[in-house]
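Q: Now for the letters of each chain:
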Amino acid sequence: MRLNGAQAVLKALEHEGVDTVFGMPGGAILPVYDPLLESSIRHILVRHEQGAGHMASGYAHATGRPGVAVVTSGPAATNMVTPLLDAYMDSIPMVCITGQVALPAIGTDAFQEADTTGITMSATKHNYLVTDVDDIPQVIHDAFHLATTGRPGPVLVDIPKDLVLPAAELDWYEPTSHDLPGYNPIMEGDPEAIAEAARLITEAERPVIYSGGGILRARAAEALLELAEMTEIPVVTTLMNRGGFPDDHELCLGMPGMHGNYTAVMAMQEADLLIALGARFDDRVTGDRGSFAPDAKVIHVDIDPAELGKVRHAHVPIAGDAKLIIGGINASLREKGGTDAQPDRSAWRQTLSGWQEKFPLTYAPHELGDRLKPQAVVEQLRDHTPDDTIVVAGVGQHQMWASQYWTFNHPYTWINSGGLGTMGYAVPAAIGAQVGQPDRMVWAIDGDGCFQMTCQELTTAALEGIPVKIAILNNSYLGMVRQWQELFYEERFSETNLGTLPDFKMMAESMGCVGFRVDSPEEVEATIQKANEVDDRPVVVDFRTLEDEKVYPMVPAGASNSELLVDPSQREQQA
Amino acid sequence: MSDSASKSVTLVVLVENKSGVLARIAGLFSRRGFNIESLAVAPTDDERFSRITIVVDVTTTTIDQVVKQLDKLINVIEISELDPANSVERELLMATVSAPSVESRREVLDLVQIFDAHVLNVGFDRLMVSVSGSQRRLDDFEALLGRHGILEIQRTGKIALSELAKVDPGDQRTDEAT
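Residue numbers (the numbering used here), protein chains in the order written: chain W, 771 to 1345; chain Z, 117 to 294.
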């Protein structure tokens, strides 16, 4: 079958099972958009390329399938850099197709030319500049393979315009193998190491399972649940693995790290064994590395061998797929006698439950006349939405409160920008998640700073009839930065006041969304109910929250996790 | 290079012979804060692949991380770490040395002879010489030439191969059997 390059791009995407792409046409990618009119693929036309990238990311988070973005050359490609790096840091499978100027024009500073593969080299798992029209099917096939296997990540395919013009033809073929001689991701863990891990677990007196985003990527939540229940070892779920272990489970200690629960943070500090599963000892989890979990031996399971020993020495490093390896550890533990073979850890459990009782997450109650308590808004949202609601956050205080006060009981219900910390992630990612899961309720919990970075995509959602819901915790400040200025810069609030404009309700309405504004606690629940009922277009709720509310607990930057600051109401007990 | 505090390791990296591969490796090293002491790239007998010899400064990073990060590059096929005790290393040096007088020319030629070097080109007041060998040997040659005034110098960076087995593993088995 003779196809031109543009048809081959779409055929290749269809061949990979792509049902939706997020993108925007422009000069160099224009030829690819022509056969799109005949394609089965749904195209979501964004307002800004960054939106396409985060939508693809949200789609991938919510579905487990690779998200796909298609944009043109030059500025479109550079607008894609942030979403690519964001997806790379959080190991999200994504494929991005960019247009490029024609091959003979490359290197001449042509109109809308950018060295896209050069610029995105460190923001992608791999990238390609296609130089022969015959390579299109193979490269796209390889790109999807790379994006979705091993440690997932974004892959970019840059295609010069002359390869997709009608004159560039090829004999279509369906690639049956991969041209990747240097790519052999390890799946199976070393059986000896797995046995050694089981032995260490059986000997540990104060073990903690440190579960990270790799649990979700490996679809290993069930295996993790089995491990925890068999051994009765408590589990902390990092920001990237909220929902990977049910929050309402008695063994769940919640989120560790800079704004983690007291018990989750201190359990890791005091542990004699950390069972790190798909986690990477991020600095936001460890605090000061030198004083992190000083007495703990480490079992470290990760699909990426480079993570093993990168930050923390592992006594038992195991490279491979978390689901397979946890399954192996479970089998080994069962052989040893399962639950009965585990030592008596009642003293450890008592310590933990004592902390939980003494230092639960808490905040001072609302006072008459004050603006809303943001934590209370999150709790109300949690209580008045379905259990399997997908929650999407941007970056900052609102993200931490969402993670802290939501109860995540299902995998793939929490989507946020963890590693890169990309403000503006929530709106487009929520749209992508809603496109991927049209039957689920999707609520973005966003900040007013974040919202203003990417809210133009609500027009996209309105035109497409995507009923995503956005709760803005609007304190008129860059809240997290303000918190740091209050605590560490003597309340010198330099450039964090965003002012009280715009009117988000009117703004939402102008973009074709339903808009609400909530000032008093009495209106919160009723407004959430009204928002839940909208099913044909986006909803924006502007919750006016307290400007000086802070996220606690908090480990000051660079401090030891043992110096965790709890809520002011608990400080006396802590001392 | 001869700083006694620094420690280096030689890696031989087989990569796909595709455009941009060297940039990926260089980018990785700068991004991760790894230091390259020298780097030599050349095609192999198989045109699909190139071989890169990298001398890595491992004073502040572990070689384990360098190897694992390199291995993540999709175009990297194989990495071997060469143990200096069990490898054969070579580097090439070319230099133009000032030799305006008969006496200085004589002295440079003496060095050339002692080091088994070569004179590549002769000018009215200077000589162009080359020598190949171990890094140490080149360092010594360079230091001694320095007395005469080096006008220009280039070194290729080290290339290396594993030392060959001195005993046929087949023979060894026969020995054990008898």
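Since the hints were made in silico from the structure, they are not lab data.
Virtual Cβ for every residue (Gly too), placed ideally from N, Cα, C.
One thing to keep in mind: the hints can contain errors.
[As the list claims (entries may be wrong)] Distance condition first, Cα-Cα at most 27 Å in a straight line; then the derived BS3-like pairs of lysine-lysine: (1) Lys134(Z) x Lys781(W); (2) Lys282(Z) x Lys1080(W); (3) Lys1080(W) x Lys1128(W).
[Said to hold, decoys possible] Computed list of chain W residues with no C-beta within reach of chain Z, every gap over 10 Å: (4) Asp804; (5) Pro945; (6) Pro1291.
[Claimed, not checked] Listed next, with one range per pair, are the computed distances between beta-carbon atoms: (7) Ile179(Z) x Pro961(W): 22 to 30 Å; (8) His785(W) x Ile269(Z): 53 to 61 Å; (9) Leu277(Z) x Ala965(W): 36 to 44 Å; (10) Thr176(Z) x Gly1191(W): 48 to 56 Å; (11) Glu944(W) x Glu279(Z): 46 to 54 Å; (12) Ile269(Z) x Gln882(W): 41 to 49 Å; (13) Ala1134(W) x Gly136(Z): 34 to 42 Å.
Q: Could you run down the list of hints and mark each one as holding or not?
A: Cross-check of the supplied hints:
1. At most 27 Å may separate the alpha-carbon atoms for a hinted pair to count; lysine 134(Z) and lysine 781(W) meet this at roughly 26 Å.
2. Simply put, lysine 282(Z) and lysine 1080(W) have alpha-carbon atoms about 38 Å apart, too far for the 27 Å limit, and the pair is violated.
3. In summary, the hint linking lysine 1080(W) to lysine 1128(W) is not supported, as the alpha carbons are separated by about 35 Å, beyond the 27 Å threshold.
4. The beta carbon of aspartate 804(W) is kept farther than 10 Å from every beta carbon of chain Z, the shortest such distance being approximately 29 Å.
5. The Cβ of proline 945(W) lies farther than 10 Å from every Cβ of chain Z, with a closest approach of about 16 Å, so its non-interface assignment holds.
6. Once the 10 Å rule is applied to beta carbons, proline 1291(W) is consistent with being away from chain Z; the minimum gap is 48 Å.
7. Isoleucine 179(Z) and proline 961(W) have their C-beta atoms about 27 Å apart, which keeps the hinted 22 to 30 Å range intact.
8. At roughly 56 Å, the beta carbons of histidine 785(W) and isoleucine 269(Z) sit within the given window of 53 to 61 Å.
9. Taking the beta carbon of each, leucine 277(Z) and alanine 965(W) are about 38 Å apart, inside 36 to 44 Å as hinted.
10. At about 27 Å, the CB distance of threonine 176(Z) to glycine 1191(W) disagrees with the hint of 48 to 56 Å.
11. In this structure the hint that glutamate 944(W) and glutamate 279(Z) lie 46 to 54 Å apart at CB holds, the actual value being about 47 Å.
12. Between isoleucine 269(Z) and glutamine 882(W), the C-beta spacing of about 44 Å keeps the proposed range 41 to 49 Å intact.
13. Remark: the range hint 34 to 42 Å for alanine 1134(W) to glycine 136(Z) is contradicted by a beta-carbon distance near 56 Å.
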